[in-house]
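S.K.: Just so you know, the protein sequences line up as chains A and B, in that order. The opening position of the first sequence corresponds to residue 1 in the working numbering, with each subsequent residue numbered one higher. The opening position of the second sequence corresponds to residue 1 in the working numbering, with each subsequent residue numbered one higher.
Hints were generated in silico from the structure; no laboratory data involved. Incorrect hints may have been included.
[Said to hold, decoys possible] Cut-off 20 Å, straight-line C-alpha distance, at most; resulting in silico cross-link-like pairs (EDC-like, lysine to aspartate or glutamate):
(1) A:Lys162 - A:Glu172
(2) B:Lys359 - A:Asp263
(3) B:Lys246 - A:Asp263
(4) B:Lys246 - A:Asp110
[To be verified] Listed next, the stretches of chain A that the computed footprint assigns to chain B, with coverage defined by at least 3 CB atoms under 8 Å from CB atoms of chain B:
(5) 3 to 11
(6) 208 to 216
(7) 253 to 266
Each residue gets a CB set at the ideal place from its N, CA and C atoms; glycine is no exception.
Here is how the chains run, residue by residue.
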Amino acid sequence: MTETMVGILLATLGAGTPLVFAALGELVTEKSGVLNLGVEGMMIVGAVCGFAVAAESENLWLGVVMSVFAGAGMALLFGILTLTFQANQVAAGLALTIFGIGLSAYIGLDYTSVALTGIQQIHVPVLSDIPVIGPLIFSLDPLLYLSFVAFGAITYFLYKTKTGLLLRAVGESPESAVSLGYPVIAIRYMAVLFGGAMAGLGGAYLALVYTPLWVEAMTAGRGWIALALVVFSTWRPARVMVGAYLFGGVTIIQFHVQGFGVDIPSQLLSMLPYLATIVVLVLISRDINTIRLNAPASLGKAYHPSV
Amino acid sequence: MRLMNISKLLLISTAGVMSAILSLAALGADSLKIGFVYVSPIGDAGWTYQHDQGRLQMEEALGGKVETKYIESVPEGGESERVIRQFATDGYGLVFTTSFGYMNPTIKVAKQFPKVVFEHATGYKSAKNVGTYVARFYEGRYLAGIVAGKMTKSNVAGYVAAFPIPEVLRGINAFTLGMRSVNPDATVKVIWVNSWFDPGREREAADVFIAQGADVVTHHTDSTAVVQAAEEAGVWSVGYHSDMSKYGPKSHLTAATHHWGDYYTKVAEEVMGGNWASTDIWWGIKEGMIKLAPLNQAVPEDVAKHVAEKEAAIKDGSLHPFQGPIKNQAGEEVVAAGTALTDEDLLKMEWYVEGVEGKLPK
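So that you can see chain A by itself, here it is in the shape it has in the complex:
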């Protein structure tokens, strides 16, 4: 029984991690007041570029680095369109996703046949032998540890540092920020690039750790789920984590339920992860004041420096 539980928890961590990376990145982007709907596109370009580089160089970590740059590169494109040329953020984000899916298919043409051994878990000596805690804490893959670090760092950055405060200020009222002499567009660029890099990491997790292969459209909508998580968690990092693991966990549990042969229609079960995540996040975040407090007031609005 404990073994099954540990198995479920481990699988939950794995299923949730691509969402954690992408959603935390998008959270930072949105906190600066920019709505980038291109998460799915950035993720999948990150996945294919990371996989391609890993396959060519036979160095998985070079692949991960490439994923980060590829995701950021896509975000840069989005930044140029929306921040420099003031294009509509919703339209540009959607276009980025469609473009990313097509581009990744093209880049990946020669890599659908490649089989890679993914990034393996780190087994901390001695500690990983402890029952339950050992496998759950001391023998995970390095990117999973990185996602925990990213969570801590982002929370600290947003709420405990001056730069984090500044980023949030830009998301609330770019006019006030600029009147205090802060470079709004530059700050937003940084936030957008960071979001892209994190989405790229999410893609890397899929293509280099979780299912070490490249196939077209392999992100299968995870970018959109990450986007939804940010909103439903009312822009708070801890709740993003809860949401991502909840989604991953319910997905795994419903498979277990099916595997045990419990008599519930599988179509209904497939719906559960979405339903559970939305219901839980809406319930814990239902206070209108906290939503107002946390939602970036100028989200999605283009900022015109001249005005």
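Here the structure of chain A is known, so what remains is to put chain B in place on it, guided by the hints.
M.R.: Relative to the frame of chain A, chain B by itself:
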């Protein structure tokens, strides 16, 4: 994706015009132009890859007599109708539409181009100039099940399935019957991922099976994720569509694979010879449309021999995978001894055989 399709369409129409001019110039040099519509990219394994292998085999067999062109990643529905019509207007004499969802568009276009021959895979609507063809995938599943039944130690297999439709159910049931023919204690767990293609979820489902004690996993979905998951966990796997041993050199026991080349060659020859007529083809092991991928080195000699015998028996007709007595999950005998399910029953299959765990989603 759409942009790519459009550019490919442009390319094809230009090529069409060019070749029309060329063929006018060289009257008499009439090679048959054959179009293929694929639902996904060709890639390296899977449904479309096998169709493309068939196309290449036909090209090789018929040499310069045929000229083929394919368009990949064509979404089912309205988009496919445009692609199919484009082939017809560009002077293609034979068009293969290789996915179930192309059924209505194929029939519609065929009405407008009575002189063009269409062949639609896995559908049930035909016409004077539309033939259908599908393979007895379940025969391969049955044989793969025998291998799985012999190799399992835990007597539990996991089956990652896409949607509860008769084609998938035939596979699950045939696999289970094959397993239990050599290992009466074996059971098969099924997880429906409700998607033909989502490597992440396929992988998650495989991991769940492994956590629940399955030591053989197989799948009726399109990616290689299940085989890879098995390789990592050190359990056996059975591939589908293509030989997936590359993705699981240690774990891949075998795979039920599809081979369309002989059929494509036959149809093309008939169309060129003017003796083609619309048929509903359902070929299997006997005709070579279904084969078992080479067995894993770890499979013992006697198991390989047993599988070969059963394969020969299916070939000569003395064995039908759905030969009675067969019981359903409730233990009731649904196929009596001495009889076998008819093709009509197979096409409508909506129940699990004894040995499959869980209830069929309705």
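S.K.: Output the indices of the hints that this structure fails to meet, ascending.
M.R.: Checked against the structure, the only hint that fails is number 3, while the rest are satisfied.
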